[in-house]
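Enquirer: Residues per chain are reported as follows:
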Amino acid sequence: MENRLAELRSAHGLSQAALAEVLGTSRQTIISIERGRFDPSLPLAFKIAHYFETTIEQIFTPDT
Amino acid sequence: MTLTTSTIMTALRKVLPAIACSFPLALAMGALFAWRNPEHPTSVAVAAMAVCSWPIIATALQVLWFDRNATNAALESGRGDVETAWFQEAAATAFWATMGGLLFLGGIGSALHLDWLAPIGLAHALVLGVGSFALSYLWLRRRDR
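Chains as they are written, first to last, in the numbering used here: chain E, 101 to 164; chain H, 57 to 201.
Simulated restraints, written as ranges between beta carbons of each label pair:
(1) 139/E <-> 116/H: 28 to 38 Å
(2) 167/H <-> 157/E: 51 to 61 Å
(3) 106/E <-> 147/H: 24 to 34 Å
(4) 150/E <-> 181/H: 44 to 54 Å
(5) 195/H <-> 150/E: 26 to 36 Å
(6) 146/E <-> 183/H: 40 to 50 Å
(7) 155/E <-> 84/H: 56 to 66 Å
(8) 87/H <-> 146/E: 50 to 60 Å
Calculated Cβ distances over 10 Å to all of chain E for the following chain H residues:
(9) 75
(10) 76
(11) 93
(12) 95
(13) 113
(14) 170
(15) 187
Calculated from the structure, these hints are not laboratory results. Cβ coordinates follow ideal geometry from the N, Cα and C atoms, glycine included.
Let the sequences and hints guide you as you build the complete structure.
Expert: Right, here's the structure in full:
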């Protein structure tokens, strides 16, 4: 799955560690999601979308 | 995350009840083993079996009893961190490595009439299981970094 997490995080001026803390997850999880190596669980995807005030579809898109 | 002394102490405190409760059970296992194997010196048989079975019983107690609420809470909250995914994948790998390894070594041992290899002892299974879990977890961690 592709995602815009790195782009959104940069736009909000957040470090990976800061975003991880806000979302209640680990920094490694953020790194893995940004690199496309790990697909987040639905609750975490909702948390991310909620934090950036957008929808899951705006952040995550299936591989084409 | 840096593994500090306080982190280790916190983790240890969490498993202390299981370690304590499993000790008499491990001793009982040792006594049972000594009773069924009178050819070995009693004290050595009790001690050896108790030492080997203590970590296994402690882990089982922790997972099945003491940690049950925490496990259920983690499942219900749908923990979505990558470390959980690594842990699950490594556990699955260790399970298959242990099963496959036992069959393979047991087969080789039987075929070649190597008594020390077949039947496979508890220590072999433990080393294979723990070793494959650790290697698998470390490999996944390295891959995803």
